[in-house]
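J.: This is what each chain is made of:
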Amino acid sequence: MSNLTKDDLIDFLYEEVRMLDESRFDEWLKLWCKDGIYWMPLDYRQEDPIHETSLMYEDQFMLRLRVDRLNGARTFSQKPKSRCHHVIQRPFVDEMDHEAGRYVTKTQMHYVETRMDEQFMLACTAQHHLVLEDGALRIERKRVDLLNCDAPFGNIQLLP
Amino acid sequence: MTRYTSRSAVEGLVTPYQVHRDVYIDPEVFRLEMDHLFANTWVWVGHDSQVPNKGDYYTTQIGDQPVIMVRHSDGEVKVLYNRCPHKGTKIAIDRQGNTGKFFRCPYHAWSFKTDGCLLAIPLKKGYNGTGLDQTESAKGMKAVGAVHTYRGFVFARLAEEGISFEEYFGDSLSSFDNMVDRSPAGRLKVAGQPLRYMHRCNWKMLVENQTDTCHPMVAHESSAGTAVQIWEEMDMPEGTPKPPAMQIIAPFMSPYEFFEEMGIRTWPNGHGHTGVHHSIHSDYSEIPGYFEQMTEAYGEERAKEILGENRHNTVYFPNIMIKGPIQQLRNFIPLGPDKTLVESWIFRLVDAPDELVARTAMYNRMINAPTSIVGHDDLEMYERAQEGLAADGLEWVNIQRLFEEGENFEEEAVENGTTERQMRNQFHAWVKFMTASMPEALEAAE
Ligand code: FES
Ligand SMILES: [Fe+2]
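Here the protein sequences come in this chain order: C and B.
Each residue of the first sequence is one higher than the one before, counting from 10 in my numbering.
Each residue of the second sequence is one higher than the one before, counting from 16 in my numbering.
Keep in mind the hints are simulated off the structure, nothing from the lab.
This one's a predicted model, so the numbers in the text were calculated from it and none came from an experiment.
Mixed in with the good hints, there may be bad ones.
Stated by the list, open to error - Quick list of the computed label-pair ranges, beta carbon to beta carbon: (1) Pro137/B to Asp30/C: 26 to 32 Å; (2) Asp106/C to Arg317/B: 52 to 58 Å; (3) Pro81/B to Asp52/C: 20 to 26 Å; (4) Arg111/C to Lys102/B: 56 to 62 Å; (5) Asp30/C to Asp298/B: 37 to 43 Å; (6) Ile59/C to Arg202/B: 47 to 53 Å; (7) Ile59/C to Pro252/B: 24 to 30 Å; (8) Glu311/B to Asp52/C: 32 to 38 Å; (9) Glu316/B to Ile59/C: 43 to 49 Å; (10) Gln128/C to Ser179/B: 45 to 51 Å; (11) Asp30/C to Pro303/B: 42 to 48 Å.
Quick reminder that beta carbons are idealized off the backbone N, C-alpha and C, glycines included.
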């Protein structure tokens with residue numbers, strides 16, 4: 010039985026995007042459950058992440074690869090590096106199950122990414138499934154829907 | 016802007032082992048490609064499973080020409096220009112839908128059967144005695160020059176006259192055969208929406224890259240090399256199943272010898288493929304029950320033959336690539352000399368286990384998405400090349416690796432997998448279909 014408050018959940022979500030904006034990716038990876046999945050659908054209201062294409066559907070190995078690659082000596086598309094910036098609305102806390110230590114939140118955000126002279130913005134909705142593991146919140150699942158998921162994009166190199 | 020409006024000027028852009036940078040950057044050359052190359056060749060339009068029912072349509076483009084692929088009331092798939100014969104309004108703008116028995120233009124309500132024929136015009140008496148029936152407009156929506164569906168894949172030639180489908184593709188169709196034969200039912204079905212990835216580079220750079228076997232271990236070291244490194248650091252006990260990324264991404268790190276030995280085959284008219292003997296798709300894990308289904312459908316010997324073929328990328332000139340072993344098709348849609356939209360489609364093998372389309376979807380997102388760490392480095396290379404070509408110091412691009420004097424592209428050939436022969440083959444076909452409908456010399460055009 011946890012005594013987490015709504016504010017604890019919201020603080021966690023703010024801290025998560027702050028880590029991304031400050032390029033603290035290794036710390037960010039530690040926020041995840043061992044079998045946590047980051048899903049970014051390709052289709053509007055997509056239901057099946059497995060048998061249709063998604064933009065991302067990544068396990069912890071893929072996320073670590075993504076993060077480690079950013080610092081590689083021969084990561085050409087990150088020379089020079091990209092930077093990102095999240096502006097998030099106060100998250101909705103949709104489910105709080107203190108008994109099971111499970112929580113569901115929804116966060117509206119504007120995500121901005123830049124590299125060299127280019128900058129683009131994505132309007133996103135992030136749904137988090139959070140769980141309590143040894144007293145700490147962890148991300149079990151993060152689903153990020155892009156408002157214009159069906160539009161053609163150039164490189165999206167960092168993480169909304 | 017008439018530098019290249021003659022056969023000899025266009026021919027001068029391509030030598031046996033070099034191409035002039037204008038083929039990638041010059042707006043006039045791009046215009047000529049749209050008018051000639053994309054009119055004279057057979058260009059992929061879509062898959063018939065996108066329009067299963069009568070009246071189903073899908074909108075796309077052939078070169079820069081807006082078209083509608085539609086299932087007509089007789090069951091045939093038609094390809095029509097997406098333009099009202101009255102004042103030009105696009106008839107459909109959503110990517111797909113069902114129009115029922117006819118199209119109705121939203122501007123003045125002229126209506127057309129799904130083969131394009133004019134059906135009705137409101138207040139038609141206003142045209143009595145005007146001679147409307149003598150005009151092109153009265154015929155309805157115009158159909159493209161020719162349409163051919165091969166095992167579900169719909170191709171069109173814009174030009175009324177020209178090379179036949181069979182002659183154009185010839186034996187290269189064996190790659191489509193292998194992809195479709197991998198379904199126990201001999202049928203594919205589009206799975207979900209395509210990835211759409213915008214590239215600020217010329218479309219031909221993407222097509223060339225499909226058989227560029229000397230770039231993966233270099234450009235993709237950051238993803239494939241890092242994957243291998245992480246896996247080794249994890250130091251898992253022998254026999255631990257590898258994560259999917261290891262199966263899909265790590266083979267990009269294969270050494271030069273692997274790519275040399277895999278072989279490249281070229282066919283006439285610009286088609287060709289990598290992975291004659293083996294490929295990066297050879298070592299995918301088996302899916303339980305699939306081989307049994309294949310054996311039941313084809314017999315064991317034939318099933319083994321189908322699954323033993325592991326072609327890597329097959330380029331169908333001018334602008335698609337398919338991967339037979341994983342049922343993927345990539346369409347390189349030219350939007351401008353320095354702008355290309357890449358759509359990556361995947362297909363389900365009808366009657367095969369779900370795990371196969373799951374792996375296909377995984378491949379698509381891991382390698383070809385705008386969010387893919389592999390795709391990022393490819394796009395970086397193309398865009399740098401597009402910008403670099405502006406440099407006036409050098410005018411020619413080199414495609415000479417394993418070049419031999421007197422290469423004959425009218426014959427099928429199998430060579431060392433690192434040859435750039437397929438790129439030379441493409442440019443040979445490029446000249447052929449660019450100039451097929453061009454006057455001999457500039458004077459003749461005037
Ligand atoms: S433009 Fe289509 S009916 Fe007038
Ligand atoms: Fe590549």
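J.: Could you work out which of the previously given hints the structure breaks and list their numbers from low to high?
T.: 1, 6 and 9
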